[in-house]
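Model the full assembly from the supplied sequences, consistent with the hints where possible.
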Amino acid sequence: MNPQNREEDLRRREQELQERELAMRLRELEAEVEQPPHYNTVKHTLAKRDPLKHNTVEHQSRRGSMQRGFHQLLAFAKFLVVVVAVAVAFRIATRLAGIVIVVALAWVAYKLFFDGDRDA
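Every letter in the sequence shown is one number past the one before it in our numbering, and letter 9, counting from 1, is 9.
Hints are not guaranteed to be accurate.
Just the calculated beta-carbon pair ranges, DEER-fashion [stated by the list, open to error]:
# : residue 1 : residue 2 : range
1 : Gly64     : Arg25     : 45 to 53 Å
2 : Glu58     : Val81     : 29 to 37 Å
3 : Met66     : Ile99     : 47 to 55 Å
4 : Val81     : Tyr110    : 41 to 49 Å
5 : Asp115    : Val84     : 32 to 40 Å
6 : Arg27     : Phe76     : 50 to 58 Å
It should be emphasised that the hints constitute simulated quantities derived from the structure, not laboratory data.
As the structure is a computational prediction, the values presented were derived from the model and not from experiment.
Every residue gets a Cβ at the ideal spot worked out from N, C-alpha and C, and that includes glycine.
See the structure below:
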């Protein structure tokens, strides 16, 4: 086999491969066009254009307005409980810190004024 025949063979194979890839891509595009969308929204049409994005389905809320209101009330009650718990914990911490400071000052005063007199 001479080098010229070899190059011709490689070119021919490369062209066949490109033709097969083009035909495969054309079939994929035709299948995509023929497939109906799940729903018609702007999000869906934008996602169709970008093949890297995953198509999502919009959430369908099954709750009634009464259930939604109860859920919001429950969430607010939980938030209120947390706020009250934090406020109570803060007040306890400040009182405890005050007691610790008074005890520390009393101990320092004892050491300075009363504990030194025993040595004399």
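Going through the hints against the structure:
1. Gly64 - Arg25: 45 to 53 Å: At 48 Å between Cβs, range holds.
2. Glu58 - Val81: 29 to 37 Å: With a Cβ separation near 33 Å, Glu58 and Val81 satisfy 29 to 37 Å, so the hint holds.
3. Met66 - Ile99: 47 to 55 Å: Hint holds: Cβ distance 50 Å, inside 47 to 55 Å.
4. Val81 - Tyr110: 41 to 49 Å: For Val81 and Tyr110 the Cβ distance comes to about 43 Å; the hint holds.
5. Asp115 - Val84: 32 to 40 Å: The hint (32 to 40 Å, Cβ to Cβ) is violated, given that Asp115 and Val84 are roughly 44 Å apart.
6. Arg27 - Phe76: 50 to 58 Å: Holds, since Arg27 and Phe76 (Cβ atoms, about 56 Å apart) stay within the stated range.
In summary, the one numbered hint that this structure violates is 5.
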